[in-house]
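J.: Going down the list, the protein sequences come from chains A and B.
All residue numbers for the first sequence refer to the working numbering, where the first residue is 1 and numbers rise by one.
All residue numbers for the second sequence refer to the working numbering, where the first residue is 1001 and numbers rise by one.
Check before you lean on any hint, since a few could be wrong.
Stated by the list, open to error - Once the Cα atoms are required to be at most 20 Å apart in a straight line, the calculated SDA-like pairs of lysine to any residue come out as: (1) A/K259 x A/A318; (2) A/K60 x B/G1189; (3) B/K1186 x A/D63; (4) B/K1186 x A/K259; (5) B/K1186 x B/D1055; (6) B/K1186 x A/H113; (7) B/K1211 x A/D63.
Said to hold, decoys possible - Taking CB as the label site, the calculated pair distances span: (8) A/G162 x B/T1304: 36 to 46 Å; (9) A/M253 x B/L1106: 31 to 41 Å; (10) B/T1304 x A/A163: 21 to 31 Å; (11) B/L1308 x A/V283: 44 to 54 Å; (12) A/A337 x B/E1225: 46 to 56 Å.
The set of hints was computed from the structure by calculation and includes no laboratory data.
Cβ atoms here follow ideal geometry from the backbone N, Cα and C, with glycine treated the same way.
Letter by letter, the chains look like this.
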Amino acid sequence: MSTSDVTKEGIRGARPGREAMTGAVSDGHRSRESPDRGRGGGSEFRSYYDQPVLNQITWKPQDIGGYLFLGGLAGASSVLAAGADLTGRPDLARPLRYTALGAVSGSLAALIHDLGRPERFLNMLRVIKWTSPMSVGTWILVCYGPLAGAAAVSQATGILPGAGRLAGLGAGAIGPAVAAYTAPLICNTAVPAWHEGYREMPFVFVGSGAAAAGGMGMITAPVGQAGPARRAGVVGSALENAAVATMERRMGMIAEPYKQGRGGALMRAAKVLTIGGAVGALVGGRSRTVSAIAGAALVAGSACTRFGVFKAGQDSAADPKYTVVPQRQRIRDRERAAAQEGGDGGEQGAQDPAGD
Amino acid sequence: MALDEQSGVRTGVPESAADPQDDRPRMGFFTDTSVCIGCKACEVACKEWNLVPEDGLDFTAMSFDNTSGLGADTWRHVAFIEQRAPLGAQETNLGRPEGAPDSVDLGMPSFDLPGAYTGEDERGEFRWLMSSDVCKHCTHAACLDVCPTGSLFRTEYGTVVVQEDICNGCGYCVPACPYGVIDQRKDDGRVWKCTLCYDRLGEGMEPACAKACPTDSIQYGDLDELRERADERLRNLHEHGIGSAQLYGRDPDDGVGGDGAFFLLLEDPEVYGLPPDPVVTTRDLPSMWRHAGVAAATLLAGITATFLGRRR
């Protein structure tokens, strides 16, 4: 198509007024099929030269993936530490308090490092917006961080033990929010693999957080006191894997990035590690060595889950298929529903209850 | 209409919508792609006026479009689509309103019509579609909803603008935008997008792209008036048999509450790289918070349960 077909007809007529005219078209029998650029894989769709519809996520995987992992680890560790404290398991509470402080510090560092303008981090504290999980999350961390820090520092130095215990209980109370809010954080985007999983993602994340905290407890605490950590690891692993399975089933074709490529590999690794770790906790919990290995598997599995979810999100944003096909389907469903309802369902102005 | 960044605090509802109390007209764009000639004057005018940096001198090898998409340094993007589709007979002045003066030959250099020599058989079926894409300035703007600093705000014109002195480059708005408009400038860290020439509007001027558009494909004005004009244009095109013509972003009941910048397209939206049925992500946010709340309670209950029972 490089003949000199490009014609400059010359401008006919003065510059048109607002009632612009069509220079050259007519005969509007344009067929709707003929997918110019359909792709394999069963789902036919059209796109602009296969360009993604969405702009790619600018978050760096190691920063924000790490942030998701550390947030879950910190939050769940604080809950477990508070329970250990209340039930007289000091050797379990102590390392978990240190874990919580380390993890929340790391997650905050990752969050700030990921900013385009890290020196402007405090601008996050200008407003509180319920519509922005990142805003809500920042405020949760602002409440949680000092408590987790006070609990750990008091533990380490022995200063103000009463206040330290109280701070630890406070951190335990906020911990679940720290572990859970990161799910709305990523799901509240247009990224198909994240948004469409918004119902299950919080359960994936709290399960993953509990598994990681349980794993840390198993690594660090003597087996005599680590019973709750082992159970948390088992329950967390079960919850995480069940939620991932439900999520993938519900999402249909949008779940592909969780099964293919590097995202799929990470998710499979997560499954093997968390299930393996849980089995280790169940059968070999009385052995110090098995406990430590199983605990490490749980922690690593939790990290794999977060990085896998992150990668799947990136992959789903990069391929227009995951944006266009479900939206087309939604339009078709709506038109079909309208046609069934009113005989001649007008396609204009159809309400939008879809979303499924 | 204008809604400041504190809206989230006030209402707690994911609504960045225009305030009905404000009776100032909402301003916007109507981009009639049926008269776009792909000259890219809008891209150039936008860059010049807004001092937008170079966005890469790329050769995409996919069409005459070497800009490829909207981003931090591309606030207007002319999509260029080549299709094996019948153009139909060339009819100059189709849809010209009754009583309009006859067209005038300006004596511009010209060639014969494409394929005039070869005859219809060899002419083949082929057409070009061009469309100047831009930020949609949604009624329910996800970028504005998710911005944790309040850097993104809604102006008195009903448009959505980034305050660059506040943005800390968290990047949340980038995946939140269902159209892939806003993006982060790598060497700068902050996010950038079309401001609908906020600085020009205040002076009573139209945005640079609309000013530069030689065919009035880009029209700026009071949104209500633009919608009327678009409806009229659509009716006209349909009457002339162009059944594929459709308005995009015109409907105030769609997933984003209608766009402040909407389009007349001659093909399905996805062919132009637009999402066919965009939905503002924050529509589902209340449900997300509920699910997260239940999950948090589950975590608390679950870990509490691990301490129950036999001590071991």
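J.: A range of 44 to 54 Å was offered for this pair. Does it hold for the Cβ distance of B/L1308 and A/V283?
T.: With Cβ atoms ~22 Å apart, the hint is violated.
J.: Taking the CB of A/A337 and the CB of B/E1225, does the distance hold inside 46 to 56 Å?
T.: 33 Å, violated
J.: B/K1211 and A/D63: Cα distance at most 20 Å?
T.: 43 Å, violated
J.: Starting from the hint 21 to 31 Å, judge whether the C-beta atoms of B/T1304 and A/A163 obey it.
T.: 23 Å, holds
J.: Is the straight-line distance between the alpha-carbon of B/K1186 and that of A/K259 20 Å or less?
T.: Not OK: B/K1186 and A/K259 at ~31 Å, beyond 20 Å, violated.
J.: Within 36 to 46 Å: is that where the Cβ-Cβ distance between A/G162 and B/T1304 falls?
T.: Between A/G162 and B/T1304, where Cβ atoms are some 23 Å apart, the hint is violated.
J.: Is the straight-line distance between the alpha-carbon of A/K259 and that of A/A318 20 Å or less?
T.: Holds, because 16 Å separates the two Cα atoms, which is no more than 20 Å.
J.: Given the hinted pair B/K1186 and B/D1055, is their Cα-Cα distance within 20 Å?
T.: Status holds; Cα separation ~11 Å.
J.: Against the 20 Å threshold, does the CA-CA distance of B/K1186 and A/D63 hold or violate the hint?
T.: Within the cut-off at roughly 16 Å; holds.
J.: Would you say the C-beta atoms of A/M253 and B/L1106 sit inside 31 to 41 Å of each other?
T.: 53 Å, violated
J.: Taken at face value, is the distance from the CA of B/G1189 to the CA of A/K60 at most 20 Å?
T.: 13 Å, holds
J.: Please verify whether B/K1186 and A/H113 have alpha carbons no more than 20 Å apart.
T.: 14 Å, holds
Hints 4, 7, 8, 9, 11, 12 from the earlier list are contradicted by this structure; the remaining hints agree with it.
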